[in-house]
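Novice: Given next are the chains, with one letter for each unit.
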Amino acid sequence: MQSADHAAAVEASRRQDEGGERLRARMAAAFFAAVIAALALVPVLTGNTSFAFYLMLWITMASALNIVVGFTGYLPFGYVVFYGVGAYAAGICYKVLGWPIPLALVASGVAGICLALLLAPTLRLKGVYFGIVSLALATIMRLIIANLPSDITGGSMGLILSSSNNPFASYYAMLLVMAATLLSVLWLAQSALGKALKAIRDDDGAAACIGIDVPRTRLVAWLLAALFPALAGGVEAWHTNIIDPEYAFHVLITAKSIVYAMAGGFGTIIGPVVGAAVLLGIDHVIWQKFPLINLLLLGLVIIALMLFLPRGIVGTVLKRRPQLRRFIA
Amino acid sequence: MSGLLLQGIINGLIMGVIYGLIGAGLNIVFGVLRVVNFAHGEFVILGAYFAWFLLQALGIQPFLAMPLTFAVFFGVSYLLYFVLIPPLAKADDPEISSLLLMFGVSISMGALMLLVFDADARSLSFEMEPVFLTFGPVVVPTVRLVALAAALMIVAGLAYFLYRTHTGKALRAIIMNRDAVRIVGIKVEQLSAIAFGLGIGLAGVTGILTALVFPSFSPFVGADYTLIGFVVIVLGGLGHPIGAMLGAILFAVTEQVASIYFNPSIATICGFVLMVATIFVRPTGLLGRQALR
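Chains as they are written, first to last, in our numbering: chain F, 1 to 329; chain A, 1 to 293.
Bear in mind the hints are in silico, worked out from the structure with no lab data behind them.
A couple of the hints might just be wrong.
[Said to hold, decoys possible] Heads up, incomplete: computed chain F residues facing chain A, CB under 7 Å, no partners named:
| id | residue |
| --- | --- |
| 1 | A136 |
| 2 | S156 |
| 3 | M262 |
| 4 | L309 |
| 5 | R326 |
Since the structure is predicted, the reported quantities are computational estimates derived from the model, not experimental observations.
Even for Gly, the Cβ is constructed at its ideal location relative to N, Cα and C.
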């Protein structure tokens, strides 16, 4: 009799958990849909798409990074390598091989996945070791590309994709990439795979004990986290028509992705979107008002954020108002 | 041919000891505080600017400026510790948060130095007679040799402090086991501030050495030094103060010898490949132990 009661209670609490999860997922989905819809309207309503384009780029970068940091606990300092390789893959396929743009963008995605497979053995490492090795590998990749014959990569001048200019189409291509990233994060948060990843992040030994295939699960997250920045790199190259070897592998791209995601809150679904929007907005205002001290103020904003909101914006809100946990994931 | 090789090895040793000092400063801060000091390179450059200022404005020679720089950097960062570091304890993952915090510090410092000193590359206009010393086929600038001697003295002093004094032993004890150290009654908080001051003081002094050895410095090269610092401590063993020295010498000699035979960027690739390969063979670095993680 007692065990039946107990089973019913367990069943009820499980159902409540599931209900809460569904509600949170729906809230996040609604939020994402609103963001995507608003960004889709920008080129129609205003002529100035530059800010919105980079907002989408950074939402993509921060959310994709969240897949690997928030779900698996790995912090790749050399994250920019996927972005840079994606940009170069698109550029080389378009300029040297003469492929059409859509095919070149597919190539940047494929290049990102291939590179992630190549770097997959580094997932054996942990913590700061993983981060530094990742940074070193990104530097190696940049130097290799810089040393390739210049009729392929353009050498230190980079590549110029002059005839491909189409700001309108490339804007919507970036929107597509961002939407795909957000959908993946949303799906991951609810799927068995996402739960397995969080279990591995918290305790990989225990996760292996309950039958999770740790290396394979990690690899899937790693590949997803590599695919989207590679696509974003390809689309950005198309949008600006320029691939600059210094910029395409710049540490600041990794750093900004991390900072934006962290500002929102790693491990939350909507955090990186909020973080990217808020910080990019601040950055934009600073640029317009105080171009000279732009970097100084950005640095101070990051310091203040870490000192006063160490869990990120969304993470801190959830900590202060736990009742919101019912709605926000 | 062998003269060139010898020259490369000598250059590698000189740079290795300096890289090692950069790594040692980073390693003390990381080992004791678990803070990933991403702004270390900026403090190195700031040290170079400080020496430049002392030389230009007050006529103080760089080698005399070293103790002064150390004292000033130690004092300021000892105080800075209490502003920056304790709030990090509230974060879910203090290590990653510290990285981001120090990244903010790094950007701000780079920007401030740019505002104050402009973007042009500066150099310490300091020479010694004779300018070059010749040992058979090897030619070494005298300043580099004196800088090497100064660096070795700093390393010796650091080793003495860490292994022979009470405070130094307590710092190493914190690196080994933070919790146990609290139980035996060591004041972790105050020692952490000392470690922060020591790490950044070392960065300032190392900055003067880099300004003597490398031709020039500018506000935004700090990140390069930070990267090298991390590479050498990961190579040598995270949290192991002397391991950094070994890793740095290995890294710099590889890089310098490779730069004789290939172009500079291939030489850099060689240095990094060495680090990545080492990590795959010994995942905790050359001298690192699992217990440190």
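Novice: Among all the numbered hints in the text so far, which are the ones the structure does not match?
Specialist: Numbers 2, 4, 5 - these are the hints that the structure violates, sorted from lowest upward.
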